[in-house]
Every structure is written in structure tokens, then in C-alpha cells.
Amino acid sequence: MLLSISGTFCSFSQDCDLRISGHVEDADTKEKLYAATVLLKELNKEITTNENGDFVFTLLCPGEYTLYISHISCDPVEQKIRLDRNRHQDIFLDHARKTLGAVVVEAQKGIPNTGFKQELAGKMLDESKGQSLAQALSKLNGVSMLQTGSTVSKPVIHGLHSNRILTINNGVRQEGQQWGNEHAPEIDPFIADKLTVIKGVDELKYGSDAIAGVILVNPKPLRHTAGYYGELNTGYFSNDRQYYASLLFEQQLKKISAFSYRMQGTFKKAANISTPDYRLNNTALQEANFSLTAGWKKRDYDIEAFYSQFNTQIGIFSGAHVGNLTDLRYAISAARPNDIYLGEDTYKTGRPYQDVTHRLFKIKSNIVSGFGKFHIQVAAQHNRRQEYDIVRDAERKGAQMRLAVLTLSEDISWDHPSTGNLNGTVGISAMQQDNSYGGRYFIPAYTSSVMGGYWIEKWAKHKWEIQGGIRYDYKNINTTRYPYNSDPLSYSFNYSTVGASFNTIYKIKDQFKINAGVTMATRAPYVNELLSDGIHQGTGFYETGFIDRNTISIPEVKPEQSFNVMAGMSFGNKASTFSAEVTLYNNMINHFIYLQPSPGDTMVTVAGTFLQAKWKQTDARLTGVDLALNYRLSKQITLASRTSLLRAYNRTLDDWQIGMPADRTTPEITYDFNDKGIFSKTYISVEAPVVFKQTRVPDERKHGVQDYKAPPAGYVLMNLNASTTIRIGKTIPITIGLSARNLLNKSYREYMNSFRYFTDEMGRNIGIRLKVPLEKTS
Amino acid sequence: MKMNLFSGTAVIAGFISLAVVSCKKESAKPEDNDNEVITTVELHFTEQGTSNVKTFKWEDLDGDGGNAPVIEEITLTPDKVYDVHIKLLDKTKTPVEDVTEEVEEESQDHRFYFIPTAGSNITIDNLDNDDNDIPLGLTSTWTTAAAATGSVNVVLRHYPNGGKAEGDPVNSSKSSSDVDVTFNTKLQ
Numbered sequence: 001m002l003l004s005i006s007g008t009f010c011s012f013s014q015d016c017d018l019r020i021s022g023h024v025e026d027a028d029t030k031e032k033l034y035a036a037t038v039l040l041k042e043l044n045k046e047i048t049t050n051e052n053g054d055f056v057f058t059l060l061c062p063g064e065y066t067l068y069i070s071h072i073s074c075d076p077v078e079q080k081i082r083l084d085r086n087r088h089q090d091i092f093l094d095h096a097r098k099t100l101g102a103v104v105v106e107a108q109k110g111i112p113n114t115g116f117k118q119e120l121a122g123k124m125l126d127e128s129k130g131q132s133l134a135q136a137l138s139k140l141n142g143v144s145m146l147q148t149g150s151t152v153s154k155p156v157i158h159g160l161h162s163n164r165i166l167t168i169n170n171g172v173r174q175e176g177q178q179w180g181n182e183h184a185p186e187i188d189p190f191i192a193d194k195l196t197v198i199k200g201v202d203e204l205k206y207g208s209d210a211i212a213g214v215i216l217v218n219p220k221p222l223r224h225t226a227g228y229y230g231e232l233n234t235g236y237f238s239n240d241r242q243y244y245a246s247l248l249f250e251q252q253l254k255k256i257s258a259f260s261y262r263m264q265g266t267f268k269k270a271a272n273i274s275t276p277d278y279r280l281n282n283t284a285l286q287e288a289n290f291s292l293t294a295g296w297k298k299r300d301y302d303i304e305a306f307y308s309q310f311n312t313q314i315g316i317f318s319g320a321h322v323g324n325l326t327d328l329r330y331a332i333s334a335a336r337p338n339d340i341y342l343g344e345d346t347y348k349t350g351r352p353y354q355d356v357t358h359r360l361f362k363i364k365s366n367i368v369s370g371f372g373k374f375h376i377q378v379a380a381q382h383n384r385r386q387e388y389d390i391v392r393d394a395e396r397k398g399a400q401m402r403l404a405v406l407t408l409s410e411d412i413s414w415d416h417p418s419t420g421n422l423n424g425t426v427g428i429s430a431m432q433q434d435n436s437y438g439g440r441y442f443i444p445a446y447t448s449s450v451m452g453g454y455w456i457e458k459w460a461k462h463k464w465e466i467q468g469g470i471r472y473d474y475k476n477i478n479t480t481r482y483p484y485n486s487d488p489l490s491y492s493f494n495y496s497t498v499g500a501s502f503n504t505i506y507k508i509k510d511q512f513k514i515n516a517g518v519t520m521a522t523r524a525p526y527v528n529e530l531l532s533d534g535i536h537q538g539t540g541f542y543e544t545g546f547i548d549r550n551t552i553s554i555p556e557v558k559p560e561q562s563f564n565v566m567a568g569m570s571f572g573n574k575a576s577t578f579s580a581e582v583t584l585y586n587n588m589i590n591h592f593i594y595l596q597p598s599p600g601d602t603m604v605t606v607a608g609t610f611l612q613a614k615w616k617q618t619d620a621r622l623t624g625v626d627l628a629l630n631y632r633l634s635k636q637i638t639l640a641s642r643t644s645l646l647r648a649y650n651r652t653l654d655d656w657q658i659g660m661p662a663d664r665t666t667p668e669i670t671y672d673f674n675d676k677g678i679f680s681k682t683y684i685s686v687e688a689p690v691v692f693k694q695t696r697v698p699d700e701r702k703h704g705v706q707d708y709k710a711p712p713a714g715y716v717l718m719n720l721n722a723s724t725t726i727r728i729g730k731t732i733p734i735t736i737g738l739s740a741r742n743l744l745n746k747s748y749r750e751y752m753n754s755f756r757y758f759t760d761e762m763g764r765n766i767g768i769r770l771k772v773p774l775e776k777t778s
Numbered sequence: 001m002k003m004n005l006f007s008g009t010a011v012i013a014g015f016i017s018l019a020v021v022s023c024k025k026e027s028a029k030p031e032d033n034d035n036e037v038i039t040t041v042e043l044h045f046t047e048q049g050t051s052n053v054k055t056f057k058w059e060d061l062d063g064d065g066g067n068a069p070v071i072e073e074i075t076l077t078p079d080k081v082y083d084v085h086i087k088l089l090d091k092t093k094t095p096v097e098d099v100t101e102e103v104e105e106e107s108q109d110h111r112f113y114f115i116p117t118a119g120s121n122i123t124i125d126n127l128d129n130d131d132n133d134i135p136l137g138l139t140s141t142w143t144t145a146a147a148a149t150g151s152v153n154v155v156l157r158h159y160p161n162g163g164k165a166e167g168d169p170v171n172s173s174k175s176s177s178d179v180d181v182t183f184n185t186k187l188q
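Chains W and V are the protein sequences, given in the same order.
With the numbering used here, letter number 680 in the first sequence gets 680, and the count goes up by one each step, no holes.
With the numbering used here, letter number 179 in the second sequence gets 179, and the count goes up by one each step, no holes.
Rather than coming from a laboratory, the hints here were simulated on the basis of the structure.
Glycine is no exception: its CB is placed at the ideal position from the N, C-alpha and C atoms.
Don't take every hint at face value.
[Said to hold, decoys possible] One-sided excerpt, in silico: chain W residues whose CB lies under 10 Å from chain V:
1. Tyr330
2. Asp339
3. Thr605
4. Ala607
With these hints in hand, go ahead and build the complete structure from the sequences.
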């Protein structure tokens, strides 16, 4: 009503082409607030901010206006504006701090977790579009990658990976086949509008076993203003002719104001990748994913259902799929792979390849009452992994290793009402799991159940913040193996694990705070560590767990226990031209479980002799530092750097720990162009990752040769990123991005890539990407 | 407010019952493999000009790992010529599967190598050829000299990407080992 009146009024008066643009930030953390609601009261026009916290109202007439800005985790703010020319208004919101639990689980935005946290969102996330989850995360300081060729990658946080990282996929703890080095997380990064790595107190909500930390893959909350939003992300990469397209559509119907839904899907296809000197056969991949979300939101409660499916088929470079020790040594000693494995430029994958499907269904509900907030979530996940080996008979179509795991999980938590400065959450969770296998044995069939409970409290007053929490989990595992020509073998295990964390934050002044904490995490051994028994193709190792078929007395395998002391400081100057962030950590891990190649120990099989690698326990110490610097030299030029150093020591063997990422630093220079005409947010940046040679590897004079090949030399790369946003018809901001990885086409090998034995890394890769958002508020 | 708490409780109860119902499942599938597992390598010797047949085998019934393989010693008579054929078996299956057939069907992608040690006094030649006239080795001729002990390495190379050529050495990186076993030998 109001809208139509003022609209009519305006059209009669002067030129109505003015605009109010603005930027919404968290007053404390300076975090850009995404999905904040901005209401223009006089016109009853409501919009939400984009991922940069920006909003804009156009075609306004001169006059007095009132902006009402609200955000899910903040207190709302009202601001009067007198409009006689185009205005830009920055808005700072204070955290409401009403309940802390809302942070991750419900709001999934603007986490007032002031502890140890790193985020990938906005521009940085855009730059990683089309890449895998691990590749995207490796842009964060302290996060690197463990790779099997260029197509399989998994994140490494402070030197630790796989089951030591909990990946939380839209609020649900991901339970796939995460144990193998060539088992990448089964998650579509396009689901997320933010990737977060957290350590410390908030870990305890997800498990007592997050020794390396927790990765949150969070979609944005469902739309809660009437209208629709659509987004297309598409792109192309030159090296492997990869193309991808991801579509998102979400809507909230005006008639049913409580109901909101979202549909999202991604398709990706890539041909064989090329190193600077040769193309690697059978390194193509294909991925097809989708997700559906539907929500019902009222003032006192909301309920949301989510289904997602992830499907991928990844070729494994055939030249690395070698057999026994003799073959492996021969392949490794060659300077380049045999020509028979090189040169095909095709999207086709042949054997060996892996085919993985992950399905997730969950329902969650939040209820607000006088007794605080209740959160309930149930989830079912099914993961199917099939590995297709090279077979003698081309007629065979089936997979040689098949694994399927079904996981059900239930979580209930309660945020008690805020009492002054104290907020807290109490939760219980349960999980039931059933794994089956077929074909080549590697891990047994098992059923497993976990029951756990936690309690977290956070206290904040003036310049101080104190957080603490504790968690207990009880895990039961029953395994069965069905060997050839003999009776089934069964084992049972029970583990009690405790996690606890304590963190203190002191804010010296605005933008200058220090942070210190200690976290204890305990991780029960995983079935592959206990009972693996077989050949991991391509590694040349015959891997045996703590218990093999000949074990008579079962050894006691203790849970891995880590005591991680962390200290951090973040500083920013008043003018916001300089910022520094430093994190120091010392992670003492007792009973650290790792795969120890045992030189001289061999396993005779029909296909020849294999080196044995056995799962072992040791006491380890991981000490490191992450440093990020940012300096805005002028309005246009920004210098930045990210540095990450790690010392990983095997205290039992008094030697360096094998398989740890080398020191690395990445300087970066960005040039921001002034907005001009239809072009805005235009920038070009060049970064030069410097990775040092890993010299801290086990000393062969102490405990024999443990690696086939010495670590590769260090390397320096050059990467480029550029982007601009073009406004078409004043409303649709189309973002075009250009990227170049390994711009100088340098041949190099990376210590953390198991294919370093056989091939160079990917050569120059030029990418172009496009993002088209489409929004309508009604 | 009461309504909310009530519905919340109902939802929780529903979730829990759902979870309890759906976690009743047992998995019990024996190991089966779509690729034949080779448990047994048999060498069948027929002394030329006679009908004397001897068989020696390398066998690992429980597959890789577990119990060590049982390897028979090849005992032959000095100064004789033997016709030999090789058999690969998968004894994890009932009835036992003959894997030799697979090798025969894809003979262009397979090749046996027989490598006696220098002091074993055994010469192995006359390997049969595949369809492209490149050695295959399902059959061969073994010639013994004076009494001696030694060993013979029997290797089956697989060329999944093709490219098998006459001059390929046993450790050609075009191929990988499907079988790589060693028999001790005694001529007496």
C-alpha cells in the first residue's frame, strides 16, 4: 500500500534515480555479514546482503529514509538517511550473544566463535570454484593437501588428515570411507557458501576425536524473505578441458511465508591432465551432485529437511598402478613414465578407476522456548565406494573392491537461557554404523555404535572471554572378516574417549586480541588401523593392521590422545590498512597411529614380493606456526602473505615423522581497480607459493630406508587471479573471473602427493569462470 | 509454548524410533572377487619320448597375507628334455576355476617369463606364441644338464594397455606382474 503510494508520488516529482548502497559488518570481528536483512522502512522494501555484506537500493527519489538492518546473530540497528545524492552507508552490527549454540548449527553464519577459526568465503571461495573441497581449503593458512595424483585430494590441517579431521557436511558429521589416503571427502563444495576450519571448544559439539580440527561445510540459511534467488556458476579450465556448471535456485513463497526451499546441482567433467612435458592417461574425472532443502520456519520453531547426493568417477593414472616391489622400483627409477601411459587427450576413463556415491538425508529442528533453545537432528548417510582394478579379462565389468557403509546419527542439544554473561550448550548424540565389503579384502565388515554427550560454556565480559567444554564418547565396534577357505574371523572393540577444551581470549583493544587455549582430543582407532590386510594398489605396500590373520594374542591398541596448546594473536591498525594474525601450536600426541614402512620386512604373494607397511603407535609432537600478514599500500595495492611452518617429531623413535607437509609461504599482491561504468569490484592478483624441500624425514641411518625416493626439491609457482563484476540492466551483477595456476608451466613434484614417485604435477592451467545471480523480492 | 514443547518431544520420540528401527541390519557376505584370484601355479612336466608326468605347484589357499604359501621343490632328472605347460587356478571358487583360460583368451596382453638361476643347470626355451607371433609361454621346453640345485623365477606379465613387443624385458614398465613366484629346483 505504502509502496504504491510513494511510487506514484515519486513518478510525479523529480528524477528518481538515486541509490543507497551499503556494507554490513560485524562490529566485533569485522566479518562481512552475509544475508543480513536490510529494510527500507518508508518503501517497505526488503533485501538481503550478498556474501561481501553489500546491499544496494536503486531508483530512489530524494528524501528521508530509514534503514532497519537485522541479522540472525546480531542485534538489529536502525539508521536514518537523508538522500539528496547517491549515498554509501557502512553499518556495524553488534553480536546479540543471546545463545551461543545458534552459531554453527542454526544460524551457520557469523559464528561468534572468537576462538581458533579460519574461513573461506566470498572472493576467496569464488576463486576456488570448480576445484575440489581440499583444493579450496588449501587456500587457508595452515591447511595443505594430501594428494593421489591431481584428481584425488584431501585436506591436511597442521600436518594431520583423514580420520583426525571431522568434516561436517551441512551440520552432519560426514561418515564415508575416509580412512584411505586416496579417499577424498565425498562433498560438493558448491553446496557451501562458506568453508570454515575450527579448533578448540566448538569441536566438542561434533566429537571427542577432532585431533586436527573440524571443517564446516555450511550452506547459507534458507531464504526468509519472499521472492526467489537463482545463481549459475560455470567455468572452464584449459589444462584438462574441465568444464563445470552449478545451478542454485531458492524461493520463499509470499502466500506461505513459513515455507522456503532450495534446489542445487553441479556437473563437472574433466579430461586427462597434462604436466608441462606429457599428458597422463586415465586421469579424467566426472562428478554429478545435487541437493534439495525444504524448511518451515515460525517464530518459535523451525524444521528443515535436506537430501544430497554426490557421485564421482575418477580415473587413476595407469602408469602408477604398478604391481610388486620390482615393478615399483623400476617405475620409480624412471625419469618419466613409459610412453604407453602418456599422450591420450580424452574424457574417457578406463581401469583403474574409482566410483563413489554418497547420499545424505537429514531432518533437523530448532525450538525456542522459555527454557532455552532445543536442537534436534537425525541423519542417514549411505556411502558406496567401488574400486575397479586392472583385470586380466576385459570381459569383466564388475568392481574388484566394494565397500558400503550406512550411518545413522541422532543429535539433540539444548542451549540454556543466557544468564548474564554466560551461555552454554548441553548435547547428546548417538551414531550407528554398518559397513559391508565385497571383493578384494582391505577392511572387514563391521557394525559400530557411538553414544556421546557434551557440555560447553562460554563467558564474556568486557575485554575477556572464557570458553570451556567437555565431551565423552563410548564406541563399540564389532568386525567380521570372511576369508577364503576358512571360517569367519570376528573381533570386538570398546573405546571410551574424552575430549576437553579451554580457551581464553583477551581483547587488548579493538582489532587487537590475544587468544590462548588447550584442547584434549581422544580418537579411537579406526578399523583400517586395526584390521587392514592387503595391497593398496599403486603404493607397492602390503598394509597390515595391528591385528593380522596370524595374530594369536590381540595387542592392546590404545586410543590416540592429543594435548594441543595453541596461542594466537590478531592485530589490525586503526586505519585498517595493516593486519597480522599469528597462531602457534604444540600438539603432543600420545599413541599416534601411523603407517610405518618396515624395511626388510616383505610379504610373498602370487604377484611377487611386496614391502610391508605396518600400522604402529608412537608418541609424536607437532609444533608449528601460521602467520598471515596483510598490508594495504595504497587504495589500489594490497600486499599479503601466508606462511605455515611445521616440525613433526616421532618421540619414541627419536626421529622426524614421515609424511608431513613441508614449510611453505605464499606472498601475494593485489591491485584493485576503481569502479568504472558498469564494472565494479575489479581486481588482479598474483601469488607465488614457495614450498621448501621437506628435509625433516626419517633418517635412514637410524631406522633403515623408509621411502622409495628422497623428497622432491622445493618449488616456486606463480598463480594469477583476476575478476570483475559487470552490471547488466543495473540489477544483474555478473562476475567474470580469470585464473592461471602454474602460469610459468613449471615442472615440479610435491612431497605430499603419492604420485611424486611417478609423475610431475599439473602444468599451466588457465581457467575462466562466470557467476550469474538472479534475484527477485516480492 | 506448551504446544511447542509437546511437539518437540513428539519429534524426538519419532526420530529415536526411526533410528532404532532402521539400524537392524546384518551384513554377511563372503569375500568374492570379480577378478580371479590366483591361488595356485602348477607346472606340468612331461619327459620327452615318455609318458612320465610330474607336477609341481606353488599354492597360497588363503590368498595374500595370512599363512605363507606352500611351494614345492621342482625335482627333475639330469640330462633330459621336458615339455612343460603351466596352469593357473583359483581355488577360492567351487568348483575350482581355471585362470589359464583368461590368459589364453587375452594372449596378446600376456607373457610368461621363466628365469632360471645360473647354477640351476636348466635351460628354458621354445615358448609358444600369441596370435601376433610374440612369445606367450603357456607351453615351453625345459632342458636339464648335470645334477645341480638352484631356482626358477616364473613371471606372468600383463599389458593392460597393449603394446606387447618381442624385445620387452621382464621388467618392462609397459606391463605389470600378475604372477611372480620362485620355485627351488633340484636335478638328481
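Against the structure, the hints:
no., hint, verdict
1, Tyr330, "holds, 5 Å"
2, Asp339, "holds, 9 Å"
3, Thr605, "holds, 4 Å"
4, Ala607, "holds, 5 Å"
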